[in-house]
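Put together the whole structure using the sequences plus the hints.
1 is the number of the first residue of the first sequence in the numbering used here; add one for each residue after it.
Simulated from the structure, these hints should not be mistaken for lab results.
Please note that the accuracy of each hint is not assured.
Stated by the list, open to error - In silico DSS-like links for lysine-lysine, alpha-carbon gap of 27 Å or less: (1) K496 <-> K205; (2) K402 <-> K320; (3) K336 <-> K306; (4) K369 <-> K306; (5) K318 <-> K332; (6) K320 <-> K336; (7) K402 <-> K383; (8) K365 <-> K347; (9) K4 <-> K37; (10) K211 <-> K369; (11) K324 <-> K342; (12) K495 <-> K470; (13) K37 <-> K320; (14) K205 <-> K190; (15) K369 <-> K324; (16) K190 <-> K180; (17) K470 <-> K456; (18) K320 <-> K342; (19) K304 <-> K245; (20) K336 <-> K383; (21) K205 <-> K383; (22) K402 <-> K365; (23) K369 <-> K304; (24) K347 <-> K332; (25) K336 <-> K318; (26) K76 <-> K205; (27) K54 <-> K324; (28) K387 <-> K336; (29) K347 <-> K383; (30) K4 <-> K383; (31) K245 <-> K129; (32) K451 <-> K427; (33) K304 <-> K318; (34) K324 <-> K76; (35) K54 <-> K180; (36) K470 <-> K451; (37) K76 <-> K56.
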Amino acid sequence: MALKNIREENYPEWYQNVIAVADMAEVSSSPGCMVIKPWGYGIWERIQRLLDEKIKETNHENCYFPMFIPLSYFQKEAEHVEGFAKEMAVVTHSRLTMVDGKLVPASPLEEPLIVRPTSETIIADSFSKWVHSYRDLPVMINQWANVVRWEMRPRLFLRTREFLWQEGHTAHSNFIEAEKEAETMLYVYKDLCENDMAMPVLTGKKPEYDKFPGAVNTYCIEAMMQDGRSLQAGTSHFLGQNFAKSADIKFVNQNNEQEYAYTTSWGVSTRLIGGLIMTHADDEGMVVPPKLAPYQVVIIPLLKDKAREEEILAYANKLKDALKDASFGGEKVRVKLDNRLKDGVDKMWEWTRKGAPIIIEVGPKDLDKNALLWRNRLNINDKNTWKNFEGFDEFVNSVSDKLSLIQNTMFERAQERLNNNIRTDIKTPEEFREYFSNSNVYLENNKNAPKVSFVKGKWCGDDETIETLKELRITIRAIPFEQSGEEGVCLISGKKATLDVIYARSY
RNA sequence: CGGAACGUAGUUCAGCCUGGUAGAACGCUGCGUUCGGGACGCAGAAGUCGGUGGUUCGAAUCCACUCGUUCCGACCA
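Shown next, in the form of structure tokens:
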């Protein structure tokens with residue numbers, strides 16, 4: 001057992017332990033912020049690369065907007081400023097001066113600048129300059145950037161004051177096309193989560209009270225963490241004409257009439273890595289799905305026998321080169337030969353904690369046999385797999401299948417957990433309260449069975465229910481797109497209701 | 001931003017109540033024995049005790065302020 005805290009005993013500390021032992025990130029000396037270390041950033045780079053391709057395949061182009069947004073821009077959209085006002089970093093001065101040996105801000109700005117919490121307002125401003133005719137539409141852009149939200153209670157990857165993300169922004173000439181865009185991107189996110197991150201998600205719409213400030217509709221993907229809580233993994237917003245009206249994005253339509261554009265925005269962030277951890281990591285540390293692993297195969301040469309050191313290194317290098325010619329998921333296999341001056345066994349466990357999918361040890365015996373010993377991260381504690389010796393060529397030829405199997409197994413495991421933990425048999429407010437009176441944190445013997453997870457049931461939509469949900473610390477995660485249409489009983493109010501929603505505690 | 005706890009070596013913590021020049025374990029370095037699943041022995045290096053100010057002959061220890069971390073809550077497209 002590598003970790004000081006295991007999942008069933010202390011889930012929040014386990015989460016932080018995983019990040020520490022996998023060397024993914026650490027709390028920065030700059031309050032509320034994180035330092036993303038190479039292994040964590042490498043995973044983010046993989047997410048970026050895979051998602052960026054999908055964004056471009058759906059006809060978007062990347063560009064970049066300023067991180068400083070004039071305060072007045074936020075006042076243009078009433079709901080938007082209301083939703084974000086509480087958590088903004090404000091730049092008020094343009095220089096420092098020395099007073100009594102201390103640096104103090106000087107030269108106040110005429111208009112304060114906001115460090116972007118999201119870029120709808122400044123991008124809408126540009127759109128208004130770019131769009132004149134229906135022939136200029138649609139505008140479909142994306143930016144990879146950092147944003148700042150002054151969170152009071154930071155948690156690595158899940159909620160930090162500064163985080164990295166991508167935000168897409170589009171403008172369209174009509175309602176239908178814009179709605180379709182918001183939907184398209186939601187499914188691009190679902191594809192990323194499920195096929196690349198091996199993290200199944202539910203799709204749906206946010207209830208009115210939980211929409212993005214200024215949006216007409218907010219669509220979301222929600223993932224189930226191992227403790228049964230929900231993580232909002234990404235959102236896609238149909239903004240209607242709200243931002244177009246406040247930023248004056250007008251165009252002349254085919255009938256020579258002035259019309260406001262319809263806009264959308266959509267984003268995912270480094271929070272996905274938090275989701276990745278809470279979906280896949282175990283009591284030994286991180287487990288990274290092959291498609292996201294910065295290194296999919298790590299080779300550790302065992303160099304105790306000085307006489308054969310060169311020979312073993314040559315063999316390890318030969319293996320590395322042979323593996324590089326293999327491919328997985330349409331890309332070359334990423335191989336790391338770990339040459340550091342440390343004991344082989346220490347390196348083996350280090351890469352286990354980091355969650356590298358396949359770890360190979362290359363020692364003197366392998367030279368003679370033309371073989372190698374490989375370990376599958378998913379079975380790291382299964383003694384039956386401790387002696388996975390395999391012929392050199394046989395391994396090289398099957399590495400792609402092995403990675404594929406690991407990727408698929410990880411997804412199936414997570415999918416099974418999601419499928420098995422959405423309760424649909426809770427039919428009354430009494431049963432509902434009883435169920436959620438349990439705590440989330442404790443898992444039963446079966447780590448695939450959190451005590452409290454998702455409940456799918458009816459909701460009447462009344463305002464009073466929102467207050468009750470707050471008291472119970474439960475949220476409506478999504479209104480699924482597929483609705484049964486059957487009448488039932490609202491799990492909060494007990495009134496008649498037909499709308500199906502997903503209830504859960506959340507991060 | 002409210003409540004609570006905490007801040008001492010790279011890490012986890014003891015010492016504080018009852019003031020007198022800094023401790024352990026793990027980790028790290030060296031040597032040796034082991035070692036294809038987290039090993040061991042011996043030796044060694046490593047801390048202006050979060051910061052500022054106060055009380056005192058003397059402060060890790062007492063007091064005030066401040067900064068930060070963790071947990072709970074509020075907040076969190």
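Results of checking the hints against the structure:
1. Distance restraint check for K496 and K205: the Cα-Cα separation of roughly 21 Å lies within the 27 Å cut-off, and the hinted pair is therefore satisfied.
2. Annotation: proposed proximity of K402 to K320 holds, straight-line Cα distance about 16 Å (limit 27 Å).
3. Proposed proximity of K336 and K306 is supported: the alpha carbons are some 22 Å apart, at most 27 Å.
4. Distance restraint check for K369 and K306: the Cα-Cα separation of roughly 19 Å lies within the 27 Å cut-off, and the hinted pair is therefore satisfied.
5. At roughly 16 Å between alpha-carbon atoms, K318 and K332 fall within 27 Å of each other, so this suggested pair holds.
6. Between K320 and K336 the alpha-carbon distance is near 8 Å, which keeps this suggested pair within the 27 Å criterion.
7. For the proposed pair K402 and K383, the alpha carbon gap of about 19 Å is at most 27 Å, so the pair holds.
8. Taking the CA atoms of K365 and K347, the gap is about 19 Å. The hint holds against a cut of 27 Å.
9. Proximity of K4 to K37 is assessed by CA-CA distance (about 21 Å); at most 27 Å being required, the pair is judged to hold.
10. Straight-line distance between C-alpha atoms of K211 and K369 comes to about 62 Å, which puts the hinted pair past the 27 Å bound.
11. In summary, the hint linking K324 to K342 is supported, as the alpha carbons are separated by about 24 Å, within the 27 Å threshold.
12. In summary, the hint linking K495 to K470 is supported, as the alpha carbons are separated by about 19 Å, within the 27 Å threshold.
13. Proximity of K37 to K320 is assessed by CA-CA distance (about 25 Å); at most 27 Å being required, the pair is judged to hold.
14. Under the criterion of a C-alpha separation no larger than 27 Å, the hint pairing K205 with K190 is consistent with the structure, at around 14 Å.
15. Annotation: proposed proximity of K369 to K324 holds, straight-line Cα distance about 22 Å (limit 27 Å).
16. Note on K190 and K180: the hinted pairing holds, with a Cα-Cα distance of about 15 Å set against a maximum of 27 Å.
17. Restraint check for K470 and K456: satisfied, since their Cα atoms lie roughly 18 Å apart, inside the 27 Å limit.
18. Note on K320 and K342: the hinted pairing holds, with a Cα-Cα distance of about 19 Å set against a maximum of 27 Å.
19. Pair hint K304 plus K245 does not hold up; C-alpha atoms about 71 Å apart against a cutoff of 27 Å.
20. Using a Cα cut-off of 27 Å, the hinted pair K336 and K383 holds, with the two alpha carbons roughly 25 Å apart.
21. Between K205 and K383 the CA atoms are separated by roughly 45 Å; this puts the pair beyond 27 Å, and the hint is violated.
22. For the given pair, K402 sits about 23 Å from K365 by alpha-carbon distance, which is consistent with the 27 Å threshold.
23. As the CA atoms of K369 and K304 are separated by approximately 18 Å, the hinted pair is consistent with the 27 Å bound.
24. Simply put, K347 and K332 have alpha-carbon atoms about 24 Å apart, close enough for the 27 Å limit, and the pair holds.
25. About 12 Å separates the Cα atoms of K336 and K318, which keeps this hinted pair within 27 Å; it holds.
26. Distance check on the hinted pair: K76 and K205 sit about 26 Å apart at the alpha-carbon level, within 27 Å; holds.
27. A threshold of 27 Å between alpha carbons decides the hint, and for K54 with K324 the separation of about 25 Å falls inside it, so the pair holds.
28. Restraint check for K387 and K336: satisfied, since their Cα atoms lie roughly 21 Å apart, inside the 27 Å limit.
29. With a CA separation close to 19 Å, the supplied pair K347 and K383 stays within the 27 Å bound.
30. Between the alpha carbons of K4 and K383 the distance comes to roughly 22 Å, so the proposed pair stays at or under 27 Å and holds.
31. Taken as a hint, the K245 and K129 pair is honoured in the structure, with Cα atoms around 14 Å apart against an allowance of 27 Å.
32. Of the pairs offered as hints, the one joining K451 and K427 holds, with about 18 Å between alpha carbons and a cut-off of 27 Å not exceeded.
33. Of the supplied pair hints, the one linking K304 and K318 holds, its CA atoms being roughly 19 Å apart against a limit of 27 Å.
34. With a CA separation close to 54 Å, the supplied pair K324 and K76 exceeds the 27 Å bound.
35. Restraint check for K54 and K180: satisfied, since their Cα atoms lie roughly 16 Å apart, inside the 27 Å limit.
36. The suggested pairing of K470 with K451 holds, with an alpha-carbon distance near 20 Å, which does not exceed 27 Å.
37. Restraint check for K76 and K56: the C-alpha separation of about 31 Å exceeds 27 Å, so the hint is violated.
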